[in-house]
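Taken in sequence, the protein lines are chains A and B. Heads up: the first sequence is residues 3 to 784, going by this note's numbering. Heads up: the second sequence is residues 28 to 200, going by this note's numbering.
Hints in this document: simulated from the structure, not taken from any laboratory. Note that CB positions come from ideal geometry on N, CA and C, so glycine has one too. Take these hints with a grain of salt, some might be off.
Claimed, not checked - To be clear about the criterion: a stretch of chain B counts as covered by chain A if any three or more of its residues have a C-beta under 8 Å from a C-beta of chain A, and this derived list gives those stretches:
hint	segment
1	40-50
2	101-113
Said to hold, decoys possible - Once the Cα atoms are required to be at most 30 Å apart in a straight line, the calculated DSSO-like pairs of lysine-lysine come out as:
hint	chain 1	residue 1	chain 2	residue 2
3	A	600	B	163
4	B	163	B	39
5	A	264	B	39
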Amino acid sequence: MASTDLKHSGGGLSRRRFLQGLAVGTVAAAGLTSCAPAADSGDDSLSETGEGSGAGYQYDWETAEGEIVHGVCPKNCYDTCRICTKVVDGVAVQIRGDKDNPYTAGSPCVKGQTYLDYHYSEDRIIYPMKRVGPKGPGAQFERISWEEAVQTVTDRFKEIIANEGSEAIVPYTFSGTFGLINGCFFSGVLRFLYRMGASALMPNMCEAAGVAALPYTFGSQKDVDPEQYANTKLYVSWGSNLSATSVHAVKYVKQCIENGGKVVVVNPFRIPLCEWADQWIKIRPGTDTPFALGVVKILLDEGIYDKEYVEKYCMGLDQLKAAADLWPAERVAKTCDCTVEELQTFARTYAEAETSIIQIGMQVNRDSNGGSKIRAISFLPALTGQIGTNAAAGFQWLTCGYWALNFDNVSMGTELLGASTPGGGYVTTWDQIKDGGYKYRVINITDYADVLNETGRYEGEPCRAVFVYNGNPLVSVPNNKRVREGLARDEVFVVVSDKWYTDTADYADIILPCTDLLETEDIHQDYHGWYINHNTPAVEPAGEAKTNIEMANTLAKAMGYTDPCFDDDIPALAKALIEGTEGANPIYGPNMSYETLKQEHWRKLPDFVPYADDLANGFATPSGKIEFYSDRLKELGLHPVVEYIPSAESKDGTPDLAAVYPLNFLTVTSKNLCGSNWHNIGKIRLLHGDPYLYINEADAAARGIADGDAVEVFNDRGVCNSLTAMVVGDDVIAAGNVAGLKSAWPKVMDGKNNVNVTTPSYTSDYGMGTSFQANLVDVRKA
Amino acid sequence: MASQMGFLLDQKWCIGCQSCVTGCQMRHRTPDEVQLRKATSFEQQPVGPWITVACNHCADPACVSVCPTGATVKREDGIVVHDPEVCIGCQSCIKACPYEHPVYLEEENRIIRCDMCAARLDAGDVPACVEACPMKILTVDTVENNEAAGGVPEGAGFTVESTNPTTRFIPIR
Numbered sequence: 003m004a005s006t007d008l009k010h011s012g013g014g015l016s017r018r019r020f021l022q023g024l025a026v027g028t029v030a031a032a033g034l035t036s037c038a039p040a041a042d043s044g045d046d047s048l049s050e051t052g053e054g055s056g057a058g059y060q061y062d063w064e065t066a067e068g069e070i071v072h073g074v075c076p077k078n079c080y081d082t083c084r085i086c087t088k089v090v091d092g093v094a095v096q097i098r099g100d101k102d103n104p105y106t107a108g109s110p111c112v113k114g115q116t117y118l119d120y121h122y123s124e125d126r127i128i129y130p131m132k133r134v135g136p137k138g139p140g141a142q143f144e145r146i147s148w149e150e151a152v153q154t155v156t157d158r159f160k161e162i163i164a165n166e167g168s169e170a171i172v173p174y175t176f177s178g179t180f181g182l183i184n185g186c187f188f189s190g191v192l193r194f195l196y197r198m199g200a201s202a203l204m205p206n207m208c209e210a211a212g213v214a215a216l217p218y219t220f221g222s223q224k225d226v227d228p229e230q231y232a233n234t235k236l237y238v239s240w241g242s243n244l245s246a247t248s249v250h251a252v253k254y255v256k257q258c259i260e261n262g263g264k265v266v267v268v269n270p271f272r273i274p275l276c277e278w279a280d281q282w283i284k285i286r287p288g289t290d291t292p293f294a295l296g297v298v299k300i301l302l303d304e305g306i307y308d309k310e311y312v313e314k315y316c317m318g319l320d321q322l323k324a325a326a327d328l329w330p331a332e333r334v335a336k337t338c339d340c341t342v343e344e345l346q347t348f349a350r351t352y353a354e355a356e357t358s359i360i361q362i363g364m365q366v367n368r369d370s371n372g373g374s375k376i377r378a379i380s381f382l383p384a385l386t387g388q389i390g391t392n393a394a395a396g397f398q399w400l401t402c403g404y405w406a407l408n409f410d411n412v413s414m415g416t417e418l419l420g421a422s423t424p425g426g427g428y429v430t431t432w433d434q435i436k437d438g439g440y441k442y443r444v445i446n447i448t449d450y451a452d453v454l455n456e457t458g459r460y461e462g463e464p465c466r467a468v469f470v471y472n473g474n475p476l477v478s479v480p481n482n483k484r485v486r487e488g489l490a491r492d493e494v495f496v497v498v499s500d501k502w503y504t505d506t507a508d509y510a511d512i513i514l515p516c517t518d519l520l521e522t523e524d525i526h527q528d529y530h531g532w533y534i535n536h537n538t539p540a541v542e543p544a545g546e547a548k549t550n551i552e553m554a555n556t557l558a559k560a561m562g563y564t565d566p567c568f569d570d571d572i573p574a575l576a577k578a579l580i581e582g583t584e585g586a587n588p589i590y591g592p593n594m595s596y597e598t599l600k601q602e603h604w605r606k607l608p609d610f611v612p613y614a615d616d617l618a619n620g621f622a623t624p625s626g627k628i629e630f631y632s633d634r635l636k637e638l639g640l641h642p643v644v645e646y647i648p649s650a651e652s653k654d655g656t657p658d659l660a661a662v663y664p665l666n667f668l669t670v671t672s673k674n675l676c677g678s679n680w681h682n683i684g685k686i687r688l689l690h691g692d693p694y695l696y697i698n699e700a701d702a703a704a705r706g707i708a709d710g711d712a713v714e715v716f717n718d719r720g721v722c723n724s725l726t727a728m729v730v731g732d733d734v735i736a737a738g739n740v741a742g743l744k745s746a747w748p749k750v751m752d753g754k755n756n757v758n759v760t761t762p763s764y765t766s767d768y769g770m771g772t773s774f775q776a777n778l779v780d781v782r783k784a
Numbered sequence: 028m029a030s031q032m033g034f035l036l037d038q039k040w041c042i043g044c045q046s047c048v049t050g051c052q053m054r055h056r057t058p059d060e061v062q063l064r065k066a067t068s069f070e071q072q073p074v075g076p077w078i079t080v081a082c083n084h085c086a087d088p089a090c091v092s093v094c095p096t097g098a099t100v101k102r103e104d105g106i107v108v109h110d111p112e113v114c115i116g117c118q119s120c121i122k123a124c125p126y127e128h129p130v131y132l133e134e135e136n137r138i139i140r141c142d143m144c145a146a147r148l149d150a151g152d153v154p155a156c157v158e159a160c161p162m163k164i165l166t167v168d169t170v171e172n173n174e175a176a177g178g179v180p181e182g183a184g185f186t187v188e189s190t191n192p193t194t195r196f197i198p199i200r
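Build the full structure now, drawing on both the sequences and the hints.
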């Protein structure tokens with residue numbers, strides 16, 4: 003393991019060949035002879051040894067006695083792979099998927115396969131560092147002690163609290179680990195931040211609009227089990243690409259087809275499922291609401307909905323009819339760039355299906371009208387009686403509705419902040435935040451560029467320190483050029499806890515080294531599958547890396563906080579999270595506890611039909627029914643049914659802007675990256691290659707762009723200059739739309755900007771989420 | 028002669044995710060740029076079909092006959108294996124293979140190849156690439172069984188040259 007005192011991080015990361023280092027270094031130290039291939043017999047006439055001889059590469063680490071440690075891939079991913087790490091004399095030598103788990107089934111994804119590279123990378127930061135010299139690309143760092151790092155950080159925090167107030171300390175966290183103790187949403191780090199009185203961050207990067215929207219229809223959120231995709235008669239993939247984001251679920255779509263089911267794709271951009279789909283409709287980004295209302299109108303006009311079900315379990319049909327009547331098929335076709343026939347075929351196929359599941363992708367809700375879209379889509383399974391009637395019927399958004407854990411015991415928001423952690427879709431509007439009893443300023447990821455620059459909503463509110471953990475805002479946050487400007491401000495003190503010299507870390511005054519998945523105990527719950535999991539640490543932390551909990555407790559004590567909560571370790575937090583004071587939620591099945599989960603490693607929720615209880619006992623809405631009409635939405639100033647408000651940047655909403663920037667820019671997830679994770683890992687970076695801009699041949703021709711040209715995607719916010727044009731036909735993306743893969747690291751692309759210099763900071767209609775998809779651009783040859 | 032072993036790809040369901048590529052790389056501890064299994068990506072090629080290939084463990088392997096030291100040999104079960112301690116890095120096998128398979132490791136002056144994870148198969152385990160496939164559509168079995176399952180010698184993006192490759196593809200239907 004490298005222990006250089008001065009680390010240069012500019013100009014791209016060097017490609018480390020840690021595996022060779024592992025072979026001759028750590029494994030040799032572990033008493034193994036070599037990792038190099040060796041034929042077992044040394045006999046060079048292997049052909050004579052015959053079948054079953056063992057001839058072939060046999061690696062010492064494979065035959066060595068070792069311990070198998072059960073863990074979980076902790077990234078912000080739908081699938082949460084169950085993994086088994088083989089440890090020989092304290093060294094992790096192999097990571098395989100846990101074959102016993104039916105969902106991830108022994109096959110980590112293209113990225114997860116490389117975790118040993120990740121863990122043992124010589125690029126890992128394993129000691130505290132302080133910056134020497136200027137902030138920004140090429141920043142230089144020098145190793146310091148934890149004592150000095152903690153002293154520097156807390157001295158500065160105390161000074162800021164005395165001068166500008168505690169809220170001038172601004173956290174940033176998203177993804178990194180998605181562990182429920184060390185992670186970003188409700189983690190134990192929040193105790194420290196809330197105790198200090200730092201600004202309270204709404205981590206609304208991802209799913210806030212949809213999470214906010216669904217309860218207005220159903221009262222609660224109960225998604226189908228993805229393993230049930232195999233059993234449904236119609237699987238609708240709506241604005242989603244499981245092949246990139248939830249690769250283990252795709253086999254259930256395969257099984258659906260093999261069982262005679264149909265597949266329909268609604269997506270402006272081609273996905274692998276289009277190979278098998280009975281229908282693929284490329285609706286224009288941002289227009290899901292009119293499309294869904296157009297479907298509703300056909301169902302109602304043609305009487306092809308479940309009248310008995312709607313009569314019994316739903317309310318507000320007349321008002322829904324009035325909203326849908328605004329969307330005759332011709333108008334939908336014109337607005338959504340589809341044909342009347344496509345809409346009608348979809349509606350009739352959907353109505354006819356005995357069972358159906360709509361799987362809604364995250365990109366649908368990352369729009370200024372994202373909550374409306376999810377609400378509009380939610381009417382479809384209700385009208386067709388798919389809610390509560392069959393395990394293989396309904397919708398899949400994400401299974402956070404089943405995260406029945408005591409998050410507030412971990413974050414201590416109620417006690418220290420005055421209310422539980424804000425955001426995540428559990429609050430719908432800023433007015434509710436203002437009335438929410440939060441003791442300290444609430445800020446949002448969506449317009450984080452404004453937080454850093456003290457502009458917009460945050461005008462006049464000082465930002466003097468940024469505390470980044472589990473995150474890389476300089477890659478992931480919209481309006482990224484302004485994020486960079488904010489971090490670059492001389493008066494802003496930046497602390498980054500990370501494993502890597504990220505683009506963000508180049509702006510750090512102090513870097514605190516954190517542990518990784520093989521070193522950190524945590525509890526994880528899937529957000530696609532129905533599993534809760536325990537991650538057992540496999541090896542000791544590298545160097546002086548600390549878990550986020552150790553880091554937060556250390557900082558809290560150095561701030562002078564004597565609260566006993568800062569003595570809680572991870573097992574104590576895990577117990578409080580799962581069991582609380584009353585014992586685990588019965589949703590997890592019998593005898594669930596921290597100790598039980600630790601022994602079982604993972605457990606699936608017992609089978610049930612989502613919303614079947616609600617059919618029997620009433621939905622958790624004010625009326626007890628599925629609400630097509632919601633008084634609560636009306637009270638918040640939102641349309642009580644739903645309405646089409648065009649995206650904040652769109653042909654319909656901002657025609658003048660669309661005349662200047664005529665292309666919708668879809669920024670989509672790559673299978674090679676999870677958030678910004680893995681772009682610095684050599685094997686993945688080589689597979690990923692130069693990120694593409696997918697552009698229709700008509701749009702390319704109009705701009706003199708040829709396949710393979712370097713291009714610039716631009717608008718008033720910035721110029722993304724890291725993409726190479728892939729000129730494609732209508733079978734990939736329609737003219738008027740371009741797509742680019744998100745989350746690439748500028749520093750591994752010679753400092754070139756990624757897509758997020760162009761993406762906007764608009765706040766979504768419900769839940770205050772992001773609006774990455776409300777992004778008009780133009781493209782030119784570089 | 029035992030039955031010849033071979034890979035089988037049910038090509039309709041390959042989604043171009045490339046998990047097989049890194050699964051293989053990690054078992055063989057290859058340098059980043061060395062891939063013993065190559066696969067197309069749905070991001071580099073948005074329209075399918077996609078394909079994944081490694082060594083084809085040919086019935087008449089050119090790599091074996093040209094190897095001057097006997098480092099590359101064919102087992103009774105047809106799997107082509109390689110002894111790195113006998114390999115002199117002459118790269119004759121690379122030149123002879125019509126499928127661009129073995130890869131030269133410059134630093135070690137030897138080649139490295141797919142051996143169908145023979146040692147794992149012998150231990151009752153599956154090859155790393157097979158295990159990595161999230162769709163469960165890349166498998167190994169005898170060619171006889173793979174053909175009985177509908178496998179044919181050519182797939183979309185794979186044409187048979189000489190040497191009788193044993194990889195089989197279930198055609199896209």
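Okay, the hints, checked on the actual structure:
1. 40-50: holds (count 9)
2. 101-113: Held - the segment 101-113 of chain B has 11 residues with a Cβ nearer than 8 Å to chain A, which meets the minimum of three.
3. A:600 <-> B:163: holds, 29 Å
4. B:163 <-> B:39: holds, 12 Å
5. A:264 <-> B:39: Given that 30 Å is the threshold and the Cα spacing comes to 16 Å, the pair holds.
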